[in-house]
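For this one, chain Y is given, so just place chain F on it according to the hints.
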Amino acid sequence: MPFRGRLWLLVAWLAVLALLGGFVVHRLRISTDLRSFMPSPTTPDQRLLMEQVGEGPGSRLLLLAITGPSEAQLGTLSQQLAAALHKDERYSQVLNGSFDLTALDPALLPYRYLLSPTLDSATFDAPFLRDQLEQRLDDLSSPGASLLKGLLPRDPTLEVLKLAERWAPAKSPELREGVWFSAQGEALLVVQTRAAGFDPDAQANAIDGIRQAFDALPDHAGATLSFSGPGYFSVVAATQTRGQAEWIGRVSTVGFIVLLLLAYRSVGSLLLSALPIASAALAGIAALVLLFPQVHGITLAFGFTLLGVAQEYPIRVLSHRRAGEDAVQSVRDLWPLLLTAIASACIAYLAFYASGVSGLRQLAVFTITGLLVAGFSTRYLLPHLLPARVRDVAPMPWLVAARRTVDALPRPRWIPLVVALATVLMLGLAQGPFWQNDLAALTPLPHELLQRDAHLRDALGAPDVRYLLILEAPTEQGVLALSERIEPEVTALVARHAVDAVELPSRYLPSEAVQRARQQKLPSREALEQALAEAQQGLPFQHGLFAPFLDDVETARSLPLLTPERFAASPLGQRLAAMLVERDGRWLGLGTLSGVHDVAALQQLAHASGGAVRLLDLKDAAESLVVDYRARILRALLAATVLLVVAISVALRSLRRAWHVLAPMTLATFLVLAVERVAGVEISLFHLVALILAAGLGLHYALFFERDTGDAAEQRRTLHATLVCVLSALLVFGMLAWSSIPVLRAIGLTVSLGVAFHFCLSIVMAPHARKD
Amino acid sequence: MLLCSLTLSLCANASAPEDAVTARSVVASLGRPAPARTPFAEARFMKMLDQPLVVSGQLSWLGDDRLERAVDHPNREVSTIADGQVTQQREGRPPRSFSLKRAPQLQLLLDSFVALLGGDSTRLEQAFTIQYHGDDARRWTLALTPRDPTLAHTVSRIEIDGRGTEPRCMRMQEADGDLAVDLLGELSGKMPAAPTRDGLAALCQGG
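Chains Y and F supply the protein sequences, listed in that same order. Each residue of the first sequence is one higher than the one before, starting from 20 at the first, in the working numbering. Each residue of the second sequence is one higher than the one before, starting from 2 at the first, in the working numbering.
Excised from the complex, chain Y in its bound form:
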């Protein structure tokens, strides 16, 4: 192609990339919710788990501790911080122990007669009121008088205090300076975020908001604020992973560039060979943008890793160029093999699409689009741009020597058998569980953080994140009624120390039936006035003192019953709303448990309810989810394997040749698995993903080594290309293997081992090369 034509092609290609880039930047919406990388739930428990993991009341709690020089300062800071956060839209609840009447919205105050259980057993008649007033006189002469002096005119029966007692956390920390303090002298706060717990970006935003509010307080100097809770952990894990991945990525990119420069000694070739990869990445993202409303951050991270396979295409072209030969001609010779490689990689990634997990589907769309674009641009665009004259790698002395050594290697027929036998033995002898079912094991947190969380959770009486009591009924009111029904049994369990505390929805809001019954027992204004006058006789209370009480009771008589929707306007209603979930036209109530000591007793309670009440073990549900997920991926992989065998056999038009390609690949894959098992590694989903990537690379090696051109120089070029590919893969993934984060280590170790085994086995098991 003439120079002018090449220039135009280059400009046009770059222009298309720029357009794609502009489109992607404009339209790309990145989501960070980790749940789109979890399998879609199938059982009701699993579905509940997925919701709870992200949005359940427990997962949205941030536990805050303020440490500082003086208790007085900490108390003030706690109050000021709570006041600042109350005003912020990002937080649905802020608790620091200072219970005041504002917990019950002033507009809702008359509702106390419908919410408090007093009227279940008493009526507001003269004897009851007399008894209450006499008790209040005793209260006024007792040391605690100041606690209720302000309340008395409006609430002589102290319903507000009864509700406060009912709503106070079952096990609350010590109050000092009017706010919660831990035994270690830290001021404690609990903040519930609106953002989902497993959305690291939204949580990071919520945490930053708290930090800023704290830093803006006038006397925060000398005091420090620290965090705990699921949301904070997801932020820590995401930051750690991102930090290490970026650092490793930078180092391996530099290494990769140096390697390619050493191998081809041409900056021009290096830059041009980056074009197919850039096109692949941009086209992949564009496809995602077109097909999905949001693209997951992890899809992009993993996707770029998996696109590493595509880097092989230009490398193969560069290594296989002959002196004086047109690049277009070189590519034409390579194309059938390259096409087979592209097609088989695409088939392997189709397995991800079949897994049914939205994140993995995105990953499949991204990589398959990317591989096709990289492959076809390497075939039809790149060769026209490459310089006409290049240095042929074939005559390089070290390569000649290397090829000779490789060819001289003994290739006894029993090698595959021995390797297979060793693999089976190692798999059989490996100790410990085969699969890693615990999702948490993949996002490790420093031990101190977990200990601190346990300590804060214990001090605050915050709910256990593992167990939930599920109450199911056809309607919302049905759930509340069911909750009222089991309340006595639950109280008995708490008394027996089977569990420290249980929080049921009816604790915050009685069912309408109960509210109606209480409302109907409220006397008319005249009746109450009369009863009160009779009760007050001979007592020193001032005349007319209880007018606010009479007004509130009168108001309560005609109040519309308090529904969860109406209640939701207040902070406590928010808490209730989080405990009531609609599902397929039925309603679920979520009872949180703190300090579970006797699971069997709770199961017994659930069992006795005849299915209306269930004890959900979130850990069990999570593990069953992972097992389902794996089974699905394994099935998809099996199907992909069958397709792969067919595709390769058709492409090579020979079962024998297909065997030479597929046998080393399969054997190496199982060998990686066996070695990891013997080393005590439990296999997680990330190991499976990495095994597939390694198998894709191994397939390339086997395909190219199997090719018998009858030309020794061409065989040397194949070795050169494969060596460059193997070294670059080892460089990138070997770096990941050193990471301290299990997800990255799993991928790095598996791919590095895989690349090494695939390379060795495909050389040793290749049909014997002819001697020069």
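What the simulated footprint calls covered on chain Y by chain F, stretch by stretch (three residues with Cβ under 8 Å from a Cβ of chain F suffice, anywhere in the stretch; the number is not a length):
| id | stretch |
| --- | --- |
| 1 | 148-160 |
| 2 | 164-174 |
One-sided excerpt, in silico: chain F residues whose CB lies under 8 Å from chain Y:
| id | residue |
| --- | --- |
| 3 | R45 |
| 4 | M47 |
| 5 | M49 |
| 6 | L50 |
| 7 | L54 |
| 8 | R70 |
| 9 | N76 |
| 10 | V87 |
| 11 | R91 |
| 12 | P105 |
So these bits of chain Y aren't anywhere near chain F, every CB distance computed over 12 Å:
| id | residue |
| --- | --- |
| 13 | R25 |
| 14 | V30 |
| 15 | F42 |
| 16 | L128 |
| 17 | A235 |
| 18 | L319 |
| 19 | D352 |
| 20 | K540 |
| 21 | A550 |
Honestly, the hints are just simulated from the structure, not real lab data. Given the structure is predicted, the values throughout are model-derived calculations rather than measurements. Beta carbons: idealized from backbone N, C-alpha and C, even for Gly.
Chain F in isolation, oriented as in the chain Y frame:
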């Protein structure tokens, strides 16, 4: 002398350094070994009541920060302050308890009472600014103002009247105008049937 006792605060201010020393020696002289018990009668004047509430019983310092207030009349009730927790027990009802931090009056009562009975003037000075008025060591008044601004918000002033080494009277003036007067020791038997603020003040300061 008469002039001086009429303008008590003026005298106190005029001779502050010596009075601080005297106050310390008075407080030190009040100290006695725990447990120390004294009968008391209390009248509480409150805005929301037509008449004061009157109760009587026994106050006991049990050592350290433990105080017991046992009411015998009109209804039996025992309140105990121990380990930062207040527990109230009434006949025929389950005991109730709450944190001392929620009841600032109690905190002040504890601070002043324990310091007085322990003869611990340092502790007293930590919690309060002290003004001492007295003609001689036989007859004196300590006026205590809480140093903690939040506590001062509820209780503006505590006055303790005494004679020799005996505290006789404790008046707690609340910021909202309510007043509690405790007659201690032998004076506790002299609570009038219908007490008034002025009558009790005269009783405390007078003979």
